[in-house]
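Read top to bottom, the protein sequences are chains A and B.
Each step along the first sequence adds one to the number in our numbering, with nothing skipped, and position 105 is 105.
Each step along the second sequence adds one to the number in our numbering, with nothing skipped, and position 96 is 207.
Hints may contain errors.
[As the list claims (entries may be wrong)] Chain A is nowhere near these chain B residues, computed Cβ spacing over 12 angstroms in every case:
no.	residue
1	T142
2	E169
3	D181
4	R225
[Claimed, not checked] Simulated pairs of lysine-lysine, DSS-like, Cα-Cα distance not exceeding 27 angstroms:
no.	chain 1	residue 1	chain 2	residue 2
5	B	K120	A	K56
6	B	K130	A	K42
7	A	K56	B	K133
8	A	K56	B	K182
9	A	K103	B	K152
10	A	K42	B	K178
11	A	K42	B	K133
12	B	K152	B	K178
13	B	K178	A	K67
14	B	K155	B	K182
15	A	K103	B	K120
16	B	K120	A	K42
17	A	K42	B	K182
18	B	K151	A	K103
19	B	K182	B	K151
20	B	K120	B	K182
21	A	K56	B	K178
22	B	K178	B	K147
23	A	K42	B	K152
Derived by calculation from the structure, the hints in this document are not laboratory data.
Even glycine gets a Cβ: it sits at the ideal position worked out from N, Cα and C.
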Amino acid sequence: QKEVEQNSGPLSVPEGAIASLNCTYSDRGSQSFFWYRQYSGKSPELIMSIYSNGDKEDGRFTAQLNKASQYVSLLIRDSQPSDSATYLCAVSREGYSTLTFGKGTMLLVSP
Amino acid sequence: DTAVSQTPKYLVTQMGNDKSIKCEQNLGHDTMYWYKQDSKKFLKIMFSYNNKELIINETVPNRFSPKSPDKAHLNLHINSLELGDSAVYFCASSQYSGVTSQGTGELFFGEGSRLTVL
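Just chain B, with the same shape it has in the complex:
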């Protein structure tokens, strides 16, 4: 049973379209994340949610809208896709939110969703 699962694994779409990626974790963690990994493999935080509340939004264009219906799910909707949005998007979860001395602890990653914008 996969701990952090994302769907779909691959998306190929045209510029200007809208797409969504879904993520679910069954680890009972309080905190979930979206990371973007570009073609140079740099893994960069986009959003962090703790118990359905947004706690980090790292200067991501507002075409990207995360939604967390409950603490086990975090979805990412992208409007008006651009060529530069092509990347692998990773969902992750951690036991802690990072706001205490425990830090975030280990991050558990989903398998990634490879988005290609043509």
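Next comes chain A alone, as it looks inside the complex:
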């Protein structure tokens, strides 16, 4: 059973703080990792992808991958109220024709 685990939250942080979202996965064959953001009532949208161990930065977002620990995280620096959403971790593996999603972590950023 391929599983992607996330803490459902909510994770509450004050505006300007760093939000840290975590995800673990069970399938060691996973090779592609994605973070999607989903606002309430909207569709998921991709914010970060990461394929190799280490950090990948894009603006205020940093994705971190550790394949040995089967762990991927998303850091959001200088959190804004507009970052309040559910963040979905998704993984895929070679030869498997879809992404497997975690249940998402709700992030609440208070002004």
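Put chain B on the given structure of chain A with help from the hints.
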């Protein structure tokens, strides 16, 4: 111009009825998907099509029948609707099918179709 579009956005219907949701993508992608998101927001794969061929059917009841007339379209027909079918159904597309080392790449989602079965 919307990349992945679904219609209708909302369906309200009675148990036992049949309904269809249509999806079209203009991204030139080879692979399309149906995902179901339940009330707890869990997004779960239902079907995956690559160039009109079914490649994934994730233990979905056979009341659900996808059809792909061409690689830009993927429709979902649901027979004999049940209360538990109430959910948001998302269509998505990706450039790759996942069967190569490239994986699927990014998924692009439609806006979702909220189905309510009374």
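Evaluated hints:
1. T142: The claim breaks: T142 (chain B) does not keep its Cβ more than 12 angstroms from every Cβ of chain A (closest is about 7 angstroms).
2. E169: Check fails; 8 angstroms does not lie beyond 12 angstroms.
3. D181: holds (19 angstroms)
4. R225: violated (9 angstroms)
5. B:K120 <-> A:K56: violated (35 angstroms)
6. B:K130 <-> A:K42: holds (22 angstroms)
7. A:K56 <-> B:K133: violated (37 angstroms)
8. A:K56 <-> B:K182: Answer violated: K56 (chain A) to K182 (chain B) is near 33 angstroms, above 27 angstroms.
9. A:K103 <-> B:K152: Between K103 (chain A) and K152 (chain B) the Cα gap is close to 7 angstroms, so the pair holds against 27 angstroms.
10. A:K42 <-> B:K178: holds (25 angstroms)
11. A:K42 <-> B:K133: holds (18 angstroms)
12. B:K152 <-> B:K178: holds (25 angstroms)
13. B:K178 <-> A:K67: Since the Cα atoms of K178 (chain B) and K67 (chain A) sit roughly 37 angstroms apart, the hinted pair is violated (cutoff 27 angstroms).
14. B:K155 <-> B:K182: holds (22 angstroms)
15. A:K103 <-> B:K120: Between K103 (chain A) and K120 (chain B) the Cα gap is close to 23 angstroms, so the pair holds against 27 angstroms.
16. B:K120 <-> A:K42: holds (11 angstroms)
17. A:K42 <-> B:K182: holds (25 angstroms)
18. B:K151 <-> A:K103: The hint holds at about 8 angstroms.
19. B:K182 <-> B:K151: Between K182 (chain B) and K151 (chain B) the Cα gap is close to 31 angstroms, so the pair fails against 27 angstroms, i.e. violated.
20. B:K120 <-> B:K182: holds (21 angstroms)
21. A:K56 <-> B:K178: Distance ~39 angstroms between K56 (chain A) and K178 (chain B) Cα, so the pair is violated.
22. B:K178 <-> B:K147: holds (16 angstroms)
23. A:K42 <-> B:K152: This hinted pair holds, its Cα atoms lying about 11 angstroms apart.
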